[in-house]
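Based on the hints, put chain B in the right spot on chain A.
The lines below spell out each chain.
Protein chains: 2
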Amino acid sequence: MHQEQRQRTNALLESKAIKRALFANLNSVKWLTGFAPPIQTGPNLFAGGPPLIWYEDGHYTLIVLDGQAGEAAGLAQDPDCTVITYLGYTIQQPVAGATHLRAALQEVVSKQPGTRGKIGVEMADLPVSLAQVLQETIHDGVENVAIDQWLVPLRMIKTPEELAKLRENFALTDVGHAAARKAIQPGQREIDLWTEIHSAVQQKAGRRMPLGNDCVVGYRPANIGGWPGELEIRAHDSVIVDLSTLAHGYWSDSCATYYAGEPTAEQVALHHTIEQALEYSIGLVRPGVAAKTIDQKTRQFISDAGYPVYPHHTGHGVGVTGHEEPRMILFTITK
Amino acid sequence: MHQEQRQRTNALLESKAIKRALFANLNSVKWLTGFAPPIQTGPNLFAGGPPLIWYEDGHYTLIVLDGQAGEAAGLAQDPDCTVITYLGYTIQQPVAGATHLRAALQEVVSKQPGTRGKIGVEMADLPVSLAQVLQETIHDGVENVAIDQWLVPLRMIKTPEELAKLRENFALTDVGHAAARKAIQPGQREIDLWTEIHSAVQQKAGRRMPLGNDCVVGYRPANIGGWPGELEIRAHDSVIVDLSTLAHGYWSDSCATYYAGEPTAEQVALHHTIEQALEYSIGLVRPGVAAKTIDQKTRQFISDAGYPVYPHHTGHGVGVTGHEEPRMILFTITK
Numbered sequence: 001m002h003q004e005q006r007q008r009t010n011a012l013l014e015s016k017a018i019k020r021a022l023f024a025n026l027n028s029v030k031w032l033t034g035f036a037p038p039i040q041t042g043p044n045l046f047a048g049g050p051p052l053i054w055y056e057d058g059h060y061t062l063i064v065l066d067g068q069a070g071e072a073a074g075l076a077q078d079p080d081c082t083v084i085t086y087l088g089y090t091i092q093q094p095v096a097g098a099t100h101l102r103a104a105l106q107e108v109v110s111k112q113p114g115t116r117g118k119i120g121v122e123m124a125d126l127p128v129s130l131a132q133v134l135q136e137t138i139h140d141g142v143e144n145v146a147i148d149q150w151l152v153p154l155r156m157i158k159t160p161e162e163l164a165k166l167r168e169n170f171a172l173t174d175v176g177h178a179a180a181r182k183a184i185q186p187g188q189r190e191i192d193l194w195t196e197i198h199s200a201v202q203q204k205a206g207r208r209m210p211l212g213n214d215c216v217v218g219y220r221p222a223n224i225g226g227w228p229g230e231l232e233i234r235a236h237d238s239v240i241v242d243l244s245t246l247a248h249g250y251w252s253d254s255c256a257t258y259y260a261g262e263p264t265a266e267q268v269a270l271h272h273t274i275e276q277a278l279e280y281s282i283g284l285v286r287p288g289v290a291a292k293t294i295d296q297k298t299r300q301f302i303s304d305a306g307y308p309v310y311p312h313h314t315g316h317g318v319g320v321t322g323h324e325e326p327r328m329i330l331f332t333i334t335k
Numbered sequence: 001m002h003q004e005q006r007q008r009t010n011a012l013l014e015s016k017a018i019k020r021a022l023f024a025n026l027n028s029v030k031w032l033t034g035f036a037p038p039i040q041t042g043p044n045l046f047a048g049g050p051p052l053i054w055y056e057d058g059h060y061t062l063i064v065l066d067g068q069a070g071e072a073a074g075l076a077q078d079p080d081c082t083v084i085t086y087l088g089y090t091i092q093q094p095v096a097g098a099t100h101l102r103a104a105l106q107e108v109v110s111k112q113p114g115t116r117g118k119i120g121v122e123m124a125d126l127p128v129s130l131a132q133v134l135q136e137t138i139h140d141g142v143e144n145v146a147i148d149q150w151l152v153p154l155r156m157i158k159t160p161e162e163l164a165k166l167r168e169n170f171a172l173t174d175v176g177h178a179a180a181r182k183a184i185q186p187g188q189r190e191i192d193l194w195t196e197i198h199s200a201v202q203q204k205a206g207r208r209m210p211l212g213n214d215c216v217v218g219y220r221p222a223n224i225g226g227w228p229g230e231l232e233i234r235a236h237d238s239v240i241v242d243l244s245t246l247a248h249g250y251w252s253d254s255c256a257t258y259y260a261g262e263p264t265a266e267q268v269a270l271h272h273t274i275e276q277a278l279e280y281s282i283g284l285v286r287p288g289v290a291a292k293t294i295d296q297k298t299r300q301f302i303s304d305a306g307y308p309v310y311p312h313h314t315g316h317g318v319g320v321t322g323h324e325e326p327r328m329i330l331f332t333i334t335k
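One line per chain: the protein sequences are A and B, in this order.
Once you know that position 14 of the first sequence is 14 in the working numbering, the rest is easy, because the numbers rise by one and skip nothing.
Once you know that position 53 of the second sequence is 53 in the working numbering, the rest is easy, because the numbers rise by one and skip nothing.
If we strip away everything but chain A, and leave its shape as in the complex, we get:
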């Protein structure tokens, strides 16, 4: 799994003369290995910290909670990966995940030959107690180098394996949209419509499925997004239904506006303009075009059509997160 991701990372780290690195960002770890534990009931209580990857000379050692080892089973065939687990919950011992994780990291790091030189570290995610393990274990003049966000640009170009995972998620959100189109009716609350959508998605998936993002009736204040609540959907109301699912660690993201009963002529005209804008905008997406150009031209299209311009981005990437580079916003990073 995810071998191409690791090859890109090898090339990047080699180009910066970094032979050892410790990844601690959830999204980095997921992208590098495909390791995607469930998220919808929060972080695993028995984990002693984030999942870690110790990188050395092109080899990736993933350190995860024992109860999540199944999520990393797909890596068993990959010669450039090793999976190490540490003890989480048992009924025989007090919970001590952080202690076990530290010990696991120490064992992995101390096995390595004493390669001198810099160690790349995801500083914004690595807990202090795990950084101390590096200091205590490596005695060859360690210099830690921050490598936070280094993988973000690498993540922009999707591999065929990632495209398959994304397509599976977009098929699931399509099921949700079909359910929304069928279920919407005056007299429902936003949450009632939402539960129909969520049930359809989970029944199609055959398992629990996280579901974002928005389900808001048009008359709600600040109605460009939000979680469904108890507001009633009335005849002719528009409802924004923005759906994301998370199968295999990848997020879809797909938004549509539905109407309860027949839309008005004004709503139809507006919807038609948005549809044209979307087609126009998709036509702008080509290699070499700056994201901000797509943003600006799409805003201009809406403005030229006589509507106020939206207080929202024009688009963004999807992948191991539901919202990532390239971001089509008013300004972009200039290097």
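Since the hints were made in silico from the structure, they are not lab data.
Please note that the accuracy of each hint is not assured.
[Stated by the list, open to error] If the Cβ cut is set under 8 angstroms, some of the chain A residues that face chain B in the computed set are:
#, residue
1, L45
2, G49
3, R208
4, G212
5, W227
6, H323
[To be verified] Simulated restraints, written as ranges between beta carbons of each label pair:
#, chain 1, residue 1, chain 2, residue 2, range
7, A, Q132, B, A76, 36 to 46 angstroms
8, A, I91, B, E230, 22 to 32 angstroms
9, B, P94, A, V285, 18 to 28 angstroms
10, A, S15, B, R220, 44 to 54 angstroms
11, A, T293, B, D80, 31 to 41 angstroms
Backbone N, C-alpha and C define an ideal beta-carbon position, used for all residues, glycine too.
Same frame as chain A, but now just chain B:
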């Protein structure tokens, strides 16, 4: 909100001569302040790190992402708390949450008078990049002291405010159980039963609601728990339905076994024994009784009734996590 929690913490830190501390554990922050952002679509993408609390001489400064400030609105009335926000997502700028969080922490810490002495730090949760802010900002001979897990024993005794939050969640799981009892039928898959339960809970709550834990048909291998899948529920099958919800940052946890159609005589007899064991076990819960005593006596009860003893804990606390001290397991922490 949560003033009694902070008073207990003040007393603990004062008893250890700690005048300054940095909390970075999600559960510590939630318990100290009631700050409970949504979890069911994963960590907020635009957060630059965990929510933080800077503690100094009994005052608590909560530092959170701007998009989550609403979740901390209840603290505005509390004189022992200040809420600081940092910039997350905008359509005008590249995403840089970690940078903004570091700056916010630096500003909070540098405002404090130069009190000498130890700084308590949740080392297993504080990222290295934020620990660096302490080092760079405080120049009075800082000694960091690990305070991980210090609040765990304080969390065992619930305040009236916490009990109200817990009861609201248990009422929601009761709605889920009523839906399970009504919906279960041969020919369903586990996931079909689950979606009925989840819809009932969310419709009652009037909003999205995380829902744990298990929905497993009796013939599934390793059937003591697990997430619902595509296995079919057949006539007479037992189904474990273990439900937790998360309203106001507190988790319920409530399990029952249902049968598809009429249970067999053997199933009725077993269920009756379990019911008696539960009553017996609840009767053992009194101040001063060791958790492991309750565990051992309950196992003995089951064994005396002629059944094999369960490969599971006997019980555990609930609160800001769905599984916390006191844990009724085979061994407990001895101090």
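ask   = Holds or violated: is there a CB of chain B closer than 8 angstroms to the CB of A/H323?
value = 5 angstroms, holds
inquiry  = So, as I understand it, the hint says A/L45 touches chain B; can you test that by seeing if any CB pair is closer than 8 angstroms?
reply    = Cβ of A/L45 sits 5 angstroms from chain B, so the hint holds.
inquiry  = Does the beta carbon distance between A/I91 and B/E230 stay inside 22 to 32 angstroms, or does it fall outside?
reply    = 29 angstroms, holds
request  = May I ask you to test the interface hint for A/G49 with respect to chain B, counting a Cβ-Cβ separation under 8 angstroms as satisfied?
outcome  = The hint holds - A/G49 has a Cβ within 8 angstroms of chain B, the shortest such distance being about 6 angstroms.
inquiry  = Assuming the hint says 44 to 54 angstroms, is it satisfied by the Cβ distance from A/S15 to B/R220 or not?
reply    = Between A/S15 and B/R220, where Cβ atoms are some 49 angstroms apart, the hint holds.
ask   = When the nearest CB of chain B is found for A/R208, is that gap smaller than 8 angstroms?
value = 5 angstroms, holds
ask   = Taking the beta carbons of A/T293 and B/D80, is their distance inside 31 to 41 angstroms?
value = 51 angstroms, violated
task = Note whether the CB distance of A/Q132 and B/A76 lies within 36 to 46 angstroms or breaks it.
result = Given about 37 angstroms between the Cβ atoms, the range holds.
message = Range first: 18 to 28 angstroms. Now tell me if the beta carbons of B/P94 and A/V285 are that far apart.
response = Once the Cβ atoms are compared, 20 angstroms apart, the range 18 to 28 angstroms for A/V285 and B/P94 holds.
task = Report holds or violated for the interface hint on A/G212, using the least CB-CB distance to chain B and a cut-off of 8 angstroms.
result = The hint holds - A/G212 has a Cβ within 8 angstroms of chain B, the shortest such distance being about 5 angstroms.
Supplied contact hint for A/W227, tested at 8 angstroms Cβ to chain B = 5 angstroms, holds
The structure fails to meet hint 11 from the earlier list, while all remaining hints are met.
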